[in-house]
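Colleague: Below are the chains, spelled out letter by letter.
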Amino acid sequence: MVVGMLNFKTTRLFIVLISLWLLSGCVKPANEIYYWGEYEQLIHDMYVDPGKADAVAQIEKLTADIQKAESTGKQVPPGLYAHLGMMYSSQGQAAQAEAALREEQKLYPESATFIQGLIKRASKEKS
Amino acid sequence: MPYWIKRTLFLIPLAVLLLSGCAKQEPYNYAALEQSKPRSILVLPPVNNTVEVNAPYIYLSTISRPLAEKGYYVFPVTVVDSLMKENGLPSPAEMHAVPLDKLTKHIGADSVLYVTIDEWGQKYQVLSSKAVVRATLKLVDSRTGALLWDTEAFAQYQSSDGGGGLAGALIGAVVEQIAGSMIDRTPDLSRIANNGSINNQVRGLLNGPYAPESLVQQH
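Chains as they are written, first to last, in the numbering used here: chain B, 198 to 324; chain H, 26 to 244.
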């Protein structure tokens, strides 16, 4: 009823203001640090639809993402190199696996304990 | 009614809206988080309190991004999951029960995020479809076990009838059901829920060390 009494212009202004308020919301717009590419979708697929995300396909997509990250000037996100390492390892490509794990640690020193543990574990399995 | 009252009446609902928005929420007490200043977050696979068997891992696929973009190192969720499974912990509930010192020894995370999924999935009603995601997040200090931050992530999607009357609504619902059987809305809802809670201006997570703004924040 209140809106009904107002003229068209005021109602429109009201709608514009409400829209602005909703858009401005409580959530900050994302200006992302990392290039995420296929990483999230691959995690999703390997659990929910494993046929779509076998190790060979994952390695291909992740290495492509790393190149795209470089070309867009964004960082490779935390975890991606370690995940790639796990994929190489599942294919028996031990050298590539270790290189990827070391890259994770180089980019993110916070991962040192975890990565060193994984490398140690892999070398024990070999011997 | 005088003209000026008519002119200003619209301000009342606007004011109510503004007051009801973000302002209503009480700011989070960040004392523990500010003291702990974690650099890294270990996200364990979520415990599932719903009947949707895929919920924990769909959720897991959406949580690394908002946390990393907030400036934290997020351990690779899949590698952590495999490591735990290889070490005799097949379910998220068992993973959540691992003592913190053991997690710290093998993974070395500053903090651990425990997620519980409370509601998940699509519901079809006669005239519409609805999808919902609701999860509880608890961030804990790895060394002390102190609670650093907690939140509820929630998002829902409700199809609208598009104003086509009852027949339109019925067709809409049928289309939704056909489309809904192929398109799972829960990954997107999960992202919306996570973004809303992690980036909430008064109750969200504080920036981590990789956030560009954290340099400004630290005086």
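Among the hints, erroneous ones may be present.
Straight-line distance between alpha carbons at most 25 Å, and here's what the computed DMTMM-like set of lysine to aspartate or glutamate pairs gives [claimed, not checked]: (1) H:K110 with B:D246; (2) B:K317 with H:D213; (3) H:K130 with B:E322; (4) B:K249 with H:E111; (5) B:K317 with H:D126; (6) B:K321 with H:D126; (7) H:K130 with B:E295; (8) B:K317 with H:E111; (9) B:K271 with H:D213; (10) H:K110 with B:E322.
From chain B, some residues computed to sit far from chain H (all C-beta separations above 12 Å) [said to hold, decoys possible]: (11) A254; (12) T260; (13) Q264; (14) K265; (15) T269; (16) A279; (17) A296; (18) E307; (19) Q313; (20) R318.
What the simulated footprint calls covered on chain H by chain B, stretch by stretch (three residues with Cβ under 8 Å from a Cβ of chain B suffice, anywhere in the stretch; the number is not a length) [what the hints assert, rightly or not]: (21) 71 to 83; (22) 136 to 145.
Rather than coming from a laboratory, the hints here were simulated on the basis of the structure.
Note that beta-carbon positions come from the ideal geometry of N, C-alpha and C, so glycine has one too.
Colleague: Indicate, hint by hint, whether the structure satisfies it.
Modeller: Now the hints, each set against the structure:
Restraint check: the Cα-Cα separation between K110 of chain H and D246 of chain B comes to about 19 Å, which is no more than 25 Å; the hinted pair holds. For the given pair, K317 of chain B sits about 38 Å from D213 of chain H by alpha-carbon distance, which is inconsistent with the 25 Å threshold. Our distance criterion of 25 Å between C-alpha atoms is met by K130 of chain H and E322 of chain B, whose separation comes to about 20 Å. A threshold of 25 Å between alpha carbons decides the hint, and for K249 of chain B with E111 of chain H the separation of about 23 Å falls inside it, so the pair holds.
For the suggested pair K317 of chain B and D126 of chain H, the alpha carbons sit about 20 Å apart, so the restraint of at most 25 Å is met. Distance restraint check for K321 of chain B and D126 of chain H: the Cα-Cα separation of roughly 24 Å lies within the 25 Å cut-off, and the hinted pair is therefore satisfied. Note on K130 of chain H and E295 of chain B: the hinted pairing holds, with a Cα-Cα distance of about 21 Å set against a maximum of 25 Å. Between K317 of chain B and E111 of chain H, the direct Cα distance comes to roughly 15 Å. Compliance with the 25 Å bound is thereby established for this hinted pair.
Note on K271 of chain B and D213 of chain H: the hinted pairing holds, with a Cα-Cα distance of about 23 Å set against a maximum of 25 Å. Among the hinted pairs, K110 of chain H with E322 of chain B is consistent with the structure: their alpha-carbon atoms are about 17 Å apart, no more than 25 Å. A254 of chain B, annotated as away from the interface, keeps every beta carbon of chain H farther than 12 Å; the closest lies near 15 Å. Every CB of chain H lies more than 12 Å from the CB of T260 of chain B, the least distance being 16 Å, so the non-interface label holds.
A cut-off of 12 Å between C-beta atoms confirms that Q264 of chain B is not in contact with chain H; the least separation is 20 Å. A cut-off of 12 Å between C-beta atoms confirms that K265 of chain B is not in contact with chain H; the least separation is 16 Å. Once the 12 Å rule is applied to beta carbons, T269 of chain B is consistent with being away from chain H; the minimum gap is 15 Å. In this structure A279 of chain B is not separated from chain H by more than 12 Å, as the shortest Cβ-Cβ distance comes to only about 4 Å.
Listed as a non-interface residue, A296 of chain B keeps its Cβ farther than 12 Å from every Cβ of chain H; the least gap is roughly 15 Å. Listed as outside the interface, E307 of chain B is inconsistent with that label: its C-beta sits roughly 4 Å from the nearest C-beta of chain H, within the 12 Å cut-off. The beta carbon of Q313 of chain B sits about 9 Å from the closest Cβ of chain H, which is not more than 12 Å, so the claim that it is off the interface is violated. The claim that R318 of chain B lies off the interface is violated: its Cβ sits roughly 8 Å from the closest Cβ of chain H, which falls inside the 12 Å cut-off.
Here the segment 71 to 83 of chain H counts 3 residues with a CB under 8 Å from a CB of chain B, which clears the bar of 3, and the coverage holds. Closer than 8 Å: that is the beta-carbon criterion, and the segment 136 to 145 of chain H has 0 residues meeting it against chain B, so the requirement of 3 is violated.
The earlier numbered hints that this structure contradicts are 2, 16, 18, 19, 20 and 22.
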